[in-house]
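For the protein sequence lines, the chains are L and D, in the order given. Residues in the first sequence are numbered from 28 upward in steps of one, following my numbering. Residues in the second sequence are numbered from 28 upward in steps of one, following my numbering.
There's no promise every hint is true.
[Claimed, not checked] Cut-off 16 Å, straight-line C-alpha distance, at most; resulting in silico cross-link-like pairs (EDC-like, lysine to aspartate or glutamate):
(1) L:Lys95 / D:Glu532
(2) L:Lys31 / L:Glu108
(3) L:Lys414 / L:Glu376
(4) L:Lys95 / L:Glu108
(5) D:Lys95 / D:Glu134
(6) D:Lys31 / D:Asp104
(7) L:Lys414 / L:Glu397
(8) D:Lys95 / L:Glu532
(9) D:Lys31 / D:Glu130
(10) D:Lys95 / L:Asp137
(11) D:Lys31 / D:Glu134
(12) L:Lys95 / D:Glu531
Just so you know, these hints were derived from the structure itself, not from any lab.
2 protein chains.
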Amino acid sequence: MADKNRILIVGGVAGGASCAARARRLCEHCEIVMFDRGPFVSFANCGLPYHVGDVIEEEAKLLIATPKLFRERFDIDVHTETEVTAIHREARQIEVRDLRNGEVRRESYDALVLSPGAGAIRPPLPGIDLPGIHVVRTIPDTRRIREALTGASRALVVGGGFIGLEMAENLAHRGLEVTLVELAPQVMPPLDPEMAAYVADHLVNHGVRLQLGAGVEGFEARDGGGLQVRVSNGERIDADLVILAIGVRPETALAQQAGLDLGEAGGIRVDDHMRTNDPRIWAVGDAIEVRDIVTGAERPLALAGPANRQGRVAAASIHHALGSEPPGARREAIRFRGVQGTAVCGVFELTVAMTGASERTLTRAGISYERVYLHPGNHVGYYPGSKPIHMKLLFAPDDGRILGAQAVGEADVARRIDVIAMALQMGGTVFDLEESELCYAPQYGAAKDPVNLAGMIAANHVRGDLSLADWNALSEGDALIVDVRTPAEFARGHIPGASNVPLEELRGRLDELPKERPVWLVCAVGQRAYYANRALLQHGFDVRILSGGMQTYATFARETD
Amino acid sequence: MADKNRILIVGGVAGGASCAARARRLCEHCEIVMFDRGPFVSFANCGLPYHVGDVIEEEAKLLIATPKLFRERFDIDVHTETEVTAIHREARQIEVRDLRNGEVRRESYDALVLSPGAGAIRPPLPGIDLPGIHVVRTIPDTRRIREALTGASRALVVGGGFIGLEMAENLAHRGLEVTLVELAPQVMPPLDPEMAAYVADHLVNHGVRLQLGAGVEGFEARDGGGLQVRVSNGERIDADLVILAIGVRPETALAQQAGLDLGEAGGIRVDDHMRTNDPRIWAVGDAIEVRDIVTGAERPLALAGPANRQGRVAAASIHHALGSEPPGARREAIRFRGVQGTAVCGVFELTVAMTGASERTLTRAGISYERVYLHPGNHVGYYPGSKPIHMKLLFAPDDGRILGAQAVGEADVARRIDVIAMALQMGGTVFDLEESELCYAPQYGAAKDPVNLAGMIAANHVRGDLSLADWNALSEGDALIVDVRTPAEFARGHIPGASNVPLEELRGRLDELPKERPVWLVCAVGQRAYYANRALLQHGFDVRILSGGMQTYATFARETD
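Taking the hints into account, I'd like the entire structure generated from these sequences.
Right, dumping it as structure tokens:
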């Protein structure tokens, strides 16, 4: 293959921009051209909500790389406001339209990279096209929203996922009264509901009005301005502006028109080199389907980190395919490993983070799992300012393989999820978490870090040292619930029907406990119940613990309110 | 083996206390007795410097578990102020002396656990026993230091390791003028010197007077109170109190007297079940030698996290050995995996963290390595408040195995080291770091997290995409140093002899660069140099980059000041 291979890239954000820059690094002699429908490339779309909230004051800060920088630094041509309207695969050409003057032309390629992204879903509801209804995907979107904020006092956010929550927070920062409507009975659907309950509480405490399990049915213009929104629970909510954040849909029109394979979940299908079924066409980013390393399922996942890495993988694969590898490289083909759904979201002062699969996802995939809950401090309690981290770890009951983790708290939450994410990616088990050697000094953690603790509790279960009761079965069966906290703690609130036998008295009161029915142990966070569990097990009782204790009970109780 | 096995534990902090509690959880019917020479067990020795600094105001907070709690919660007898003076291995007895009344008695064991810890080193210097010279190992130590603070205005800290730095900070908090004397030419010897330079700068900026490469030669009492300290650099320093923090030495007298094997580095020798050469005796914590998983070396390592896990391993091994495993357990023998030296230290607002081996350690072990430097923000720059993290990653040049990492910065430093620590423990490579999927939202990180970036840069090297110049050879050889920053940046300071060819002009000025001699590229942090490196490599130049750019240059320049 001769020099001057021509690489065309459709879409200049995240995956596309990464691919272009990497392609140049790998091949100084190729011609690289990037097209984007919008006026900007390589902008920080994850920052858009914070620009609306004036946390990021200058729009210019969101422009990570301009066409000028691509030209000067990377010798890459960028055509903005240029739409790619068709792919002629046999001719290896694309058809592009300059949106500023309507001119159409063809461009030839040796390799074509599709990075068209995903578009915000706008459901066909009555009134959906009324002014005042916004999505948050581009810089022009945020310009419109920021203009709409002048004089606005009430906002409605539709959708309680990441963008919805970030918008709710940022609109509240701007002084608006915010109502959030979410069709699911919980916020943040990637979390399991009892973990999402912490987030919902926090939103309400910060003045956000929540309408869960409610869908928007339509919009009407109000006399004198603004909108009235009809909600499925019968409410009619007045709002000066509406943010639609109910999800995104892969932009696959171009791929579909060109006859490229799509996956069952509606994204472009690629192999682990990001190559489509056309050997000259690669695809990356929000428009493609990626393999989930926990469940094996293929699905689109709109995350910036994987998109960037996919861009790098595609660039490497292109150079391998075009035979333009630089001299001296001992390159193995880099392969995209798949995704695990690591994500984090700030909600006022709360951090919510997760990696791997949720219970819902595991159930859907038919993967058996066990779960433990814990509520350690972000650092030792004796150092001032410790904040609890509410954690949930999901793992395979037989071999302890890590399947997923979720955490909510005010400090050092992302850190613990990041460590578990790293272990999960490497096929790690709860035994690996148990034995991990992590940073410890009093203001930074604990000799048994929250990650160690999560691993220890789960490993205890896998080794058979403790049996887990099922929180969801609390009201079923004939188990006696024994609360091993102090009488004072018990008096401040307990599970209905529970008996109180403080851990300190347990060994002297064994004869009060039944051997003919199961005993389920509970304490504040799970530690004393575990101690009691060990003692009772060895005395022949049929005993299980309610993982996470009353702290976890409270979330289940809230969730089923 | 019958019930009522008797487990005796010598030393009730960290490893010993963990072992005792775990032994009870595994065996409800065993008799467990713990002895400690001091007045307290299970106290938070890592918190002692912060109690001196009044950050932790109440001493009681440092008492994690009292003898009463051990008795009531775990049915464990604790004898404080009781010294174990001899082990009679054949009789399976220990000799103990009650320090309150001098009474001596014998106690029988089925299993004996030694957790005597390590004692602060007090070198035999002239005047070492004068009043006013303190160590920081126990609660009585901190009581004495807190008393000595009344009316004190000048403190001398001897030793620039973790405890020395924490003491310097806390004494400064208390309003004292602090001088720190360290024999090595750097603070924090587990760090490599150029990374330690950040810490030294920070200490000086916070008013700590540093005397590096200087040893204390003796102490004299001053007329009117206080001490005068004679230092090897000729200085005489007046101090109202002196803190000795020059390291610890494993407490092995008891083991040695009993004929247990010691290792070459002076700690008690154990197998990976924490068993000594006597099958009835186990040992854990600061007194033992542990295997370094990077270098394979056996050495004592005084860290609380490993001590706690060793306690758990010893308890499991004891139960396996005594045949007292509980019914229903499907226990595999838990094995201690060794240590990797993960550690963190706060120095005023700076966090210093590390895992794995340093260059010094690798060199001593004869392990070949390569190093990269980077200076990413703790989160994206467009979100306000980003703070740089200065990172160094050490890895095997052939297969990319992670060997060590060091990081210094004001925010999220421990998080990145923890992730790398997890990967290192699992035998991970720089390719694993490159592909890790970590938490990203603008206020939490970057689509390419600092950990990804470190992995990418190192992986680029292993794949042959970039060659690394050796900072230590900067003044040798005939390389032309080409600085690819802007002229304005270059004018503000550059490496002597460097030429300035801005990246943006590079492709048009190739004929200015020599092909007959090496070109070493430098920029601000390494990114632009890498871009330039890729272009020049493909144009046939002999090119390398100075990893970490001018930011790293500054640390080498400081270090050799």
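Exercise. Going straight from one Cα to the other, do D:Lys31 and D:Asp104 come out at no more than 16 Å?
Worked result: holds, 14 Å
Exercise. When you check the alpha-carbon spacing of D:Lys95 and L:Glu532, does it fall within 16 Å?
Worked result: Between D:Lys95 and L:Glu532 the Cα gap is close to 13 Å, so the pair holds against 16 Å.
Problem set entry | Given pair status - L:Glu108, L:Lys95, alpha carbons within 16 Å | Holds, at about 15 Å.
Exercise. Holds or violated: are the alpha carbons of L:Lys95 and D:Glu531 at most 16 Å from each other?
Worked result: holds, 10 Å
Exercise. Holds or violated: L:Lys31 with L:Glu108, Cα cutoff 16 Å?
Worked result: Since the Cα atoms of L:Lys31 and L:Glu108 sit roughly 25 Å apart, the hinted pair is violated (cutoff 16 Å).
Exercise. Is L:Lys95 close enough to D:Glu532, meaning Cα to Cα at most 16 Å?
Worked result: holds, 13 Å
For this session: Below or equal to 16 Å on CA atoms is what counts here, so check D:Lys31 against D:Glu130.
Result: violated, 26 Å
Exercise. Within 16 Å, alpha carbon to alpha carbon, are L:Lys414 and L:Glu397?
Worked result: Answer violated: L:Lys414 to L:Glu397 is near 26 Å, above 16 Å.
Problem set entry | Proposed proximity, D:Glu134 with D:Lys95 (alpha carbon, max 16 Å) | violated, 21 Å
For this session: With a cut-off of 16 Å on the C-alpha distance, tell me whether D:Lys31 and D:Glu134 pass.
Result: holds, 14 Å
For this session: Would you check the hint for L:Lys414 and L:Glu376, treating anything up to 16 Å between C-alpha atoms as holding?
Result: It holds: about 12 Å lies between the C-alpha atoms, which stays within 16 Å.
For this session: Mind checking the alpha carbons of D:Lys95 and L:Asp137 for me, to see if they're no more than 16 Å apart?
Result: Between D:Lys95 and L:Asp137 the Cα gap is close to 77 Å, so the pair fails against 16 Å, i.e. violated.
Hint compliance for this structure: hints 2, 5, 7, 9, 10 are broken, all remaining hints hold.
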